[in-house]
Amino acid sequence: MSDNTALPISLPALQAGDRAEFARLVETYSPQIYRLALKILGNAQDAEDVLQNTFLKALQSLPTFEGRSSLSTWLYRIAVNEALMLIRKHRPEVQVLAGDSDSDDDEDYIPVQFVDWTTIPEDALLSSEAVTYLDQAIQRLPPKLRLVFLLRDVEGLSIRETSEALGLTDTAVKTRLLRARLFLREQLSGYYQERLLEEKH
Amino acid sequence: MHNHFDCHDLLGSLSDYLDGEARQELCRAIETHMAECPNCRIVVDTLKKTIYLVHATAESQLPDDVRARLYKTLELTDYLK
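Top to bottom, those sequences are chains A and B. Count along the first sequence from 1, then add 410; that gives the number in my numbering. Count along the second sequence from 1, then add 17; that gives the number in my numbering.
These are computed hints drawn from the structure, not numbers from a lab. It is possible that part of the hints are untrue.
To be verified - Where chain B lies over chain A, by a calculated footprint (3+ residues, C-beta under 8 Å):
1) 441-448
2) 465-473
3) 490-500
4) 571-584
5) 593-606
To be verified - Here are the simulated distance ranges between beta carbons:
6) B:36 / A:417: 46 to 56 Å
7) B:49 / A:418: 40 to 50 Å
8) B:40 / A:531: 43 to 53 Å
9) A:499 / B:45: 47 to 57 Å
10) B:42 / A:581: 19 to 29 Å
11) A:529 / B:94: 23 to 33 Å
12) B:74 / A:429: 31 to 41 Å
13) B:69 / A:452: 14 to 24 Å
14) B:55 / A:428: 55 to 65 Å
15) B:69 / A:420: 44 to 54 Å
16) B:74 / A:453: 11 to 21 Å
17) A:502 / B:49: 47 to 57 Å
18) A:499 / B:62: 35 to 45 Å
19) B:69 / A:607: 45 to 55 Å
As the structure is a computational prediction, the values presented were derived from the model and not from experiment. Backbone N, C-alpha and C define an ideal beta-carbon position, used for all residues, glycine too.
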């Protein structure tokens, strides 16, 4: 982050149309918004569209923003909505935020891999191949789990902020977060188990 | 996991435990269970490591060309450093 992010962004200045302050908002949050969009959509062009639309919408909506959530949560919410619009456009059959089916598929998330791969050295855990595998595993998460996981575990939002950004209850966020984490653990366990076996041969 | 009531309990409280939001009593119950159940111990350790790896690999670099086009779209090129 650059030096000009040291001071908190002033909402009154933004709402008064201060361009320098808006530039500071863009500078501060654009890397995170782009990362989020890229990880939701898995496509650089779509991520760039979401990034641009997020700040265009933010500029438009600033006069009516009441500041009930933080600026970052508000921007994440706009970005998520923009990304969802793209997902719906590409894959209209996907239900991303519908919250009524959370108890349907509990069995799918019960752990089945019990290999302790935490002993693998850090540089091997973080090899470029492993990092690519992790990214692909995140892409394989069902979209409704992926959104929660990205906001909470990648962007570092609290459970409450994640709920606000997605318009979900805290309980739904917690359930989805656990499933997403368990899903990724299974995926990584399968991957690292193979690496451990390769080492032995 | 063992066919044991506590494994299911542990699974349900995992996120709270890992996020440091579980009450002391629950933490103790989880830790006691893990001492007896190697599979749950592995699930907790590897889950913790999974979250760590996600954090460790989360880059937030905005490519220069993407940034330049964003500033142009927003008519902020005067502020582009």
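Taking the hints in turn, this is what the structure says about them:
Given a C-beta distance limit of less than 8 Å, the hint that chain B covers the region 441-448 of chain A holds, as 4 residues qualify and 3 suffice. Under the rule that three or more residues need a Cβ within less than 8 Å of chain B, the assignment of the region 465-473 of chain A holds, with 3 such residues. Counting residues of the region 490-500 of chain A whose CB falls under 8 Å from any CB of chain B gives 0; the rule of at least 3 is not met. With a threshold of 8 Å between beta carbons, the proposed coverage of the region 571-584 of chain A by chain B is violated, since 1 of its residues qualify and at least three are required.
Residue count for the region 593-606 of chain A with a Cβ under 8 Å from a Cβ of chain B: 4. That meets the three needed, and the coverage hint holds. Between residue 36 of chain B and residue 417 of chain A the beta carbon distance is about 30 Å. The supplied range of 46 to 56 Å is therefore violated. A beta carbon spacing of about 44 Å between residue 49 of chain B and residue 418 of chain A agrees with the range 40 to 50 Å that was offered as a hint. Remark: the range hint 43 to 53 Å for residue 40 of chain B to residue 531 of chain A is contradicted by a beta-carbon distance near 35 Å.
A C-beta distance of roughly 50 Å is found between residue 499 of chain A and residue 45 of chain B, which places it inside the suggested range of 47 to 57 Å. A C-beta distance of roughly 21 Å is found between residue 42 of chain B and residue 581 of chain A, which places it inside the suggested range of 19 to 29 Å. Range check, residue 529 of chain A to residue 94 of chain B: about 51 Å between beta-carbon atoms, so the 23 to 33 Å window is missed. For residue 74 of chain B and residue 429 of chain A, the hinted distance range of 31 to 41 Å is satisfied, since their beta carbons lie about 35 Å from each other.
Range check, residue 69 of chain B to residue 452 of chain A: about 23 Å between beta-carbon atoms, so the 14 to 24 Å window is met. The given range of 55 to 65 Å is respected by residue 55 of chain B and residue 428 of chain A, whose C-beta atoms sit roughly 59 Å from each other. Distance hint check: the CB atoms of residue 69 of chain B and residue 420 of chain A are about 35 Å apart, inconsistent with the given range 44 to 54 Å. At about 19 Å, the beta-carbon gap between residue 74 of chain B and residue 453 of chain A stays in the expected band of 11 to 21 Å.
Between residue 502 of chain A and residue 49 of chain B, the C-beta spacing of about 49 Å keeps the proposed range 47 to 57 Å intact. For residue 499 of chain A paired with residue 62 of chain B, a C-beta distance near 41 Å keeps the hint of 35 to 45 Å intact. The supplied range of 45 to 55 Å is broken by residue 69 of chain B and residue 607 of chain A, whose beta-carbon atoms lie about 23 Å from each other.
Hint violations for this structure: numbers 3, 4, 6, 8, 11, 15 and 19, all remaining hints satisfied.
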